[in-house]
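Novice: Generate the whole structure from the sequences, applying the supplied hints.
So you can see what is in the structure, the chains are spelled out below.
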Amino acid sequence: MTRAPLDRRDFLTSAASGLGLAALGSLLSPTAFAEGTRDPLAVRAPHHKPRAKSCIFILMAGGMSQMDLFDPKPELAARDGQQLPASLLDDVRFAFVQKDTATLKGSPRRFLRHGQSGLELSDLLPKLGSVADELLLVRSMHTDEFNHHPAQLLMQCGRSAFGLPSAGSWLLYALGNENQNLPGYVVLNSGRGSSGGSTLWKSGFLPSSYAGVPLRNTGEAVLDLATPRGVPASLQRRSFDVRGKLDRAQFERVRDPEIESRIANYELAARMQLSAPEALDWASEPSAVKAAYGVNRKDPPLRADRDGGPDQYRNFARNCLLARRLVERGVRCVNLIHASWDHHSNLEPELAFNARMADQPIAALIRDLRERDLLDETLIVIASEFGRTPLGENRKDEPANTGRDHHPFAFTSVLAGGGCKPGMVFGETDELGWNVVRDPVHVNDLHATVLHLMGLDHLRLTHRFDGRDFRLTDVGGRVMHEWIA
Amino acid sequence: MDAAAEGRLGAARVAGLVARVLFVTGVWLALNAAAPAHVAAMSNEDGEAATLAAAAPPAAATAPEDLAPTDVEALAREAQQILRASCLECHDARKARADLRLDDREHALAGGDSGLPAIVPGEPTLSELIQRVTTQDLLDRMPPDDRVPLDAEQVAQLERWIQAGAPWPTQDTQHWAFRAPRATPAPTVQNVAWLRDPLDAYVLAELEAAGLQPNPEADAATLARRLSLDLVGLPPAPADVDALAADPGFYDIYVDRLLASPHFAERWARHWLDKAGYADSDGYENDKARPEAYHWRDWVLQSMQRDQPYDEFLREQIAGDLLPDANAGTRIATGFFRQTLTNTEAGVDKEEFRLEAVMQRVDLTGTALLGLTVNCARCHDHKYDPISANEYYALAAFFDNADESVVELPAKAEELAEYKAALAVQRSELGSLREELGRAYERFLPTRPRVHPLLVDGANAQGRVNAPVDSDGQITLVVTQRPERCDGFAVELFDAPSEVEVIGLSARVGSRVLELEALPVVDAGITSTSYRHASWRLAETLLAGADAPLTLTLSVRGPVNDLRVSAFTGAALDAELPARIRKILATPLDARNAAQTTTLAVHDAQFDDDLLSAIKALKHHRRSAPENPVPSVPVLAERRVDRRVTRLLERGDHLRAGETVSADTPAVLPALTVSGERPTRLDLARWLAAPEHPLTARVFVNDVWQQLFGEGLVRTPGDFGTRGAPPTHPALLDQLAIDTRDSGWSRKALIRRLVRSATYRQASTHRPAVERVDPENKLLHRQSRTRVDAELVRDQALAVSGLLSETVGGPSVFPPLPDGVADKSYANLFRWSTSEGEDRYRRGLYTFFKRTAPHPHLEQFDAPTSLTSCVRRGRSNTPLQALITLNDPLFVEAAAHLAARVMPSADTDDARLTEAFRLCIAREPTRVESTELLALLDEARSWYLEHPNHTAVLVGSDDSEHAAWTTTLRVLLNLDEFLVRP
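Taken in sequence, the protein lines are chains A and B. According to my numbering, the first sequence is numbered sequentially starting from 944. According to my numbering, the second sequence is numbered sequentially starting from 200.
A couple of the hints might just be wrong.
[To be verified] When the alpha-carbon atoms are kept at most 20 Å apart in a straight line, the in silico SDA-like pairs for lysine to any residue are as follows:
| # | chain 1 | residue 1 | chain 2 | residue 2 |
| --- | --- | --- | --- | --- |
| 1 | A | LYS1233 | A | ARG1310 |
| 2 | A | LYS1188 | B | LYS549 |
| 3 | B | LYS549 | A | ARG1310 |
[To be verified] Chain A is nowhere near these chain B residues, computed Cβ spacing over 10 Å in every case:
| # | residue |
| --- | --- |
| 4 | GLN373 |
| 5 | THR383 |
| 6 | LEU654 |
| 7 | GLY662 |
| 8 | LEU817 |
| 9 | THR1125 |
| 10 | HIS1149 |
Worth flagging that the hints you see were computed from the coordinates, not collected in a lab. Just so you know, these numbers come straight off a predicted model, no measurement behind them. Note that the Cβ used here is the ideal one computed from N, Cα and C, for glycine as well.
Specialist: Laid out in structure tokens, this is it:
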């Protein structure tokens, strides 16, 4: 099946005629479009009316401890130090917990009710509490994987396999990018580097135009964005022009439409050179905004033998502020990745450290988007690849019960904006936080709902590869209509 | 074919065409009708209304000219292909959904539950089959739901077939790829003069049938550039372009010279590395380096260079360790299967990932060697191809007893001596670092955290006291005895009701108020809800002296009955100690050995920065240990004892092992010959490379074809199954497979034959009228223009500038890497030690490939991720690529060297520019191009004359002329023509 090539000019003409979007929508067929289409990032119509135009997906790599942050478990605290019923331990694998001596570990955190919704959050998240009425807390997440890299692939790409597109790539592939001067899927890292590294934002079998573009925390944010040192802007512009003329002459000779695409991409590169520095210049924000996000906060002292990565507080805060600047400018997907939340030991000080890092900027981001009337069209997802055990970790020869192991059976994700019901708690875990007892949500369900809110049907957004049609939600996925406002 | 049949067929074709036109019109109508519905759906609040995503796109209206088969048998086979791909999943003997079977003629004529005949021979419009695949009613349409509907061409084929009486094929209906290749004599063509090789006739016959002519032959510059990029991956030398332009007979000589070049192997080894998923690191979280992985790459380079026959090439890679004449070289060949990922994340289930690697080997065999998606059968029987889950695990059984092992290669004597010397130095440095750590620990020891319960009035033996809370919510405690050194205070409340909260603490000595800072709650392991504690650090250490008594005032909310106050010394409260630490602490200081001191120091480093840095120095030193020069090359080795029994894994889950499976090959393919008492990997290798194997030769020639024409004859090179693309030229594919196999499996001979053909030598120019008929160039009406592979983007720039190192083979290198790439990988553990000297300028093939943080120059230009087998690279075209070739220091450096190369080459700017063009794109500039570039040059010239600082920054000297040329020639390195293989 082929599709008429479409470039931006065509799109603009047809959009101007008023029928453009509908016609484009019909082109988003199950096989979608072929590689080599002239403008892969042109805006395309969704399957249905979207609630959100952009998505900010915050991956807290390593595994946030849900019962210390989001899911209060007084019974767990009451049974602190007791053994877990054997029935719960059968058939369960851990990375490190020794089953025979493991005991329950209650959370020392205090949970406070916030806002009109009365949403309960741990005392480690006071600022997030101040925007509690914007949050949808999903306490009934579960996943299939219990090692980091496979589970991160599942959370980012829908399945724990390599070679698949990440959710951000799918969104860009389906919808294109609203801003023709910036990448459509931006990745912002902070902390120590996640287990999955760049495999988490690949485009898999989709063309590489849909891969995440990681911005850097040091130096120029986009690789090779700056004109070479020693070349003035005037000559750079002239070089662009001459290059374009020569390419157009070549197109006249050989008539290969890929040349037009190359001309367009060099023009886009030139525009990126001009507009990306402005878009990424968080420092130009008013000082009140910068202070609200905490972009100049220093990392408080933390004594830990693990290398946490440099300047986590300021990098994470800057990334949150950048995320707002990017979605404000029409970037389709911003993927923040912070590592690590993998607190096998020394959990209390390290989790307190991480929570303080994340609390203020995320709350500021939500409030900022709300004040700019952008929250309703921006979907924010905060998730880890899995949760942490209600059991204390008791690795041999290590201090016992100062941390928690990986827990795939029940954990919490947080959503905000983008058409989600605000101030709501969804799902429930048992009194120990071990299993989901009400409204389980698989990672595929989360993805199906993200796509739905972005105007896409997860069953119809497919790509033919290796002889079959792939989708983000693999063979699962249920749209959580209960979440939608 | 008899006259009657021919007549029927003619009628069928006409009817088919009419039907197709009608159908296409129907699609347009449907599309137009759907547009308003879609708009309505957009405004629908719940956004749930169905949209018309499933209809065939309008491009179908300009489908290629009718290429209908020329005999009934072919018509029947085509129909079978469509039925198999789209219908038989549900309507075969096994499932027979709606009681309908389309897998034999009798059942198909009878129909299913609807009571209507699915097929009425000669009457497409009365056939329910056609109704159901064309209806716009989504409830009725087949295939149902989100499955891909038939396109107009497929429907027309079915209609022609039914019109012709819906014949079932008389011959074997087995999918084409599972049958042995069949020799077909080259078809007769009209334009015999065009032919250069018999293969051209197969191509020309199809073109002529479609009423098309091939493109004219490309000019000499294009041909030279195409050949050179295809065969060695480098731009041609201007002298060779001249020779070709002067004498067309030079073409064959040039081909042979390129095939003999040492760079031939570099180009073609890379294609094979893609398939294997070659990388220099493990993958997964830790993604450790594999410093000896390159030995296998060297093996491939050598094999390609000597043109090792493909069957032997396969046998050595699959079972080089089991060959009767196995040697180190053939063992290293099995590195093909050692490119699998390794998960060394702490806490992983090793067996899970061992099995994962075994399955990756099966998948690799499927995708790269068999051209089949056998991986689909990991979890369940293949949905479309005849491969059961059982057969998948039967393939896995060949690899289940292949252990990951190493071959040790001899080290050079002087390297060994150097290593031993370096090791001695390392040991002694380690000793002094340990001593330094010991000293740091001694300095730290007096401040080691310790908690001292304070004696206060009314306290019991444990220091606990029941003190009254006054009306202000305060408890005042007078300390009667305190330690010599106090760094802070801790307060613990016992049996406190839940509403109790600690608000603050103040301390004074006499009337002097001490400055206190509240600490976050840090001590772990005490989590009972009736226990509260809080601690404060003193701004200044309080030493014992003749001071007045210490008074503490605690502010609380709620009733308090039982509390304890303590002082602590050192940085913080001591956490619960592990057994090994307690044991060391129990040992008297002077009786501790070095290891104990180190262990304790590592533990205590959380309290002291000096200790932490001493330990980091020690750890860093350990990591910088000299490398053992004895190369240990990863290979496969057959397990001799304690052999594993392979089991089918339910849904691919290693925890759900099912029935026992023994090694065997899929039943749909030729039977395995077992040479010994049980099937071995060597049997598998021989089976694959056997002449009667239907897939091996086809997959091989298709791959070579793909590298030379941009697309394979089968455009899904990893899927020759029923869901893959059928060959564009089936007879040609078969003939090439047979010829290659029968003439000794020579890769170079096949390449030579293909590049000498008229088909290959066509221009790649697009002819708009022809493009409309054959938009995807399936008829090969022209050559393809393709963006050069990622490595070649770099290699070309280095080659034309004269920077490129010509060294072939050897360890991977570390050309400059932009900041902020390496630290995206796990825990920022990876350090990229940038190479010096010529290693900065090696070909991209040799760039160290770190799976979780690949070099962006490779990544951005679609180099494979090496996470799965890659049999066809993507060829994206992005603005980020433009930024790299425009602005990256490497490309600026190349432009500067190119400038330095052409400036002395002639006396005039015109001639210099011509030289640059010839180096970069093998041709001379047009007048317009010269005018444009020379104008830019003039502008740059005057600018740099006035801006010596910029000149210095750009070219490192005061040579404004050099800077001006550098700026101008950057344009050449960014031309479409430079980035594209023509």
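Novice: Look at each hint and say if it fits the structure.
Specialist: Hints and how they fare:
{"no.": "1", "hint": "A:LYS1233 - A:ARG1310", "in the structure": "13 Å, holds"}
{"no.": "2", "hint": "A:LYS1188 - B:LYS549", "in the structure": "58 Å, violated"}
{"no.": "3", "hint": "B:LYS549 - A:ARG1310", "in the structure": "46 Å, violated"}
{"no.": "4", "hint": "GLN373", "in the structure": "17 Å, holds"}
{"no.": "5", "hint": "THR383", "in the structure": "26 Å, holds"}
{"no.": "6", "hint": "LEU654", "in the structure": "28 Å, holds"}
{"no.": "7", "hint": "GLY662", "in the structure": "22 Å, holds"}
{"no.": "8", "hint": "LEU817", "in the structure": "13 Å, holds"}
{"no.": "9", "hint": "THR1125", "in the structure": "7 Å, violated"}
{"no.": "10", "hint": "HIS1149", "in the structure": "5 Å, violated"}
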